Amino acid sequence: MTATDLSLPHAGTAGGDATATCVFAVRRDDAPEWLPESPGHAGGGPVGLLALPGGGLQAVVQPVAAADFTEEALRRRLSDPVELERCARTHHAVITAAAADGPVVPLPLATLFTGVDRAVAALADQRAHFLAALDRVTGRAEWAVKVHVEPSEPARAAPDEGTDPATVGTGAGAAYLARVRGRERDRRARQEAVLRVAGHVHEVAAAFAVAAVRRTPHSTEITGKDRPQVLNAAYLVDDARAAELVAAVRALDGTHTGLDVHIEVSGPWVPYSFTRSGEGTGL
Amino acid sequence: MTAGSDVVPWLGPDSGAPLGVPLVDLLDRVLATGVVISGDLVIAIADVPLVRLSLHALLASVSERVPAPWGDGGPL
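Protein chains in written order, with the numbering used here: chain F, 1 to 283; chain C, 1 to 76.
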């Protein structure tokens, strides 16, 4: 534990009291007055700063009990909705605090090293990536745009109209088939229209962004029944253009009345989606 | 983060949790930094990715709070 000037109170010793080093983010060290204002993970030591070799960079770290972050412990904790939420919110709170006065590169949830030395060595290997990522996100923030479809009541009631007894008789079968085909045609047309809307919203938002990511929309298991998601995207936006993006995207909400499309914008977020290193690094 | 100080839609008055961000929105962002390969979230421990958690399982556990799973193919 001599590689840094950080006065972490715990050392990575063996045994039940072993301490691991949790790394939340990397930032520039040009704001020496800054101190983390988040308590970090429960049961851990104070959130602190770890100077990285080469100068100019520091990591936001916390000593945590290694026993709480073993593979098995993590799997158990992150499989528990309450623990998952607590862990994710803690992670987010520390990173957001770290980003209060300058850009940060957020690291993956539960990025852990066996000790400070190991953390310094691993992070130092990523120095070029961190510098490039910080340059990339300086003066920018991540904005998220999601588009959901809210089916209209008439559209949902329509399939039952064809059961009117008055239509039963000669030719009723053919009429029924025609209605089925018609509904299928309508359904496809509607689906295509919705996807066009999603594409249009994305294009409008991307026009204000320097980078964009379209993720696979969440299933209705996540979004809730009757509320399928058709766009789940993130945009890296210059701070000066953020208001324009928000206004432009929100202006689209409600303009597709026949489709009941609902558009959500959220931000500014720490640029979680735009600071990953190249494939295979994973710290 | 200084952008759009007039637009912070998720900062609701609810929940004593930090920042009050909806969990699904939060996970969308937080997990974006994870190494996601074929739906698996790889968490780095001691610089070696040891833990592979099914992202689907993670989100499914979140969705337990969302009632009424999709029954049919849906309107799409």
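Don't take each hint at face value.
A short, non-exhaustive set of chain F residues, derived as facing chain C with CB atoms under 8 Å [said to hold, decoys possible]:
(1) E85
(2) A88
(3) L109
(4) A144
(5) S266
(6) Y272
(7) S273
Using C-beta positions, here's what the derived DEER-type ranges look like [stated by the list, open to error]:
(8) F:A189 - C:D25: 29 to 37 Å
(9) F:L177 - C:V24: 39 to 47 Å
(10) F:D80 - C:D25: 13 to 21 Å
(11) F:D68 - C:V24: 23 to 31 Å
(12) C:V24 - F:V204: 19 to 27 Å
(13) F:V210 - C:D25: 32 to 40 Å
(14) F:R75 - C:V24: 19 to 27 Å
FYI, nobody ran anything at the bench for these hints, they're computed from the structure. Keep in mind it's a predicted model, so treat the numbers as computed, not measured. Yeah, the Cβ is synthetic: ideal placement off N, Cα and C, and Gly gets one too.
Numbers of unmet hints, in rising order: 13
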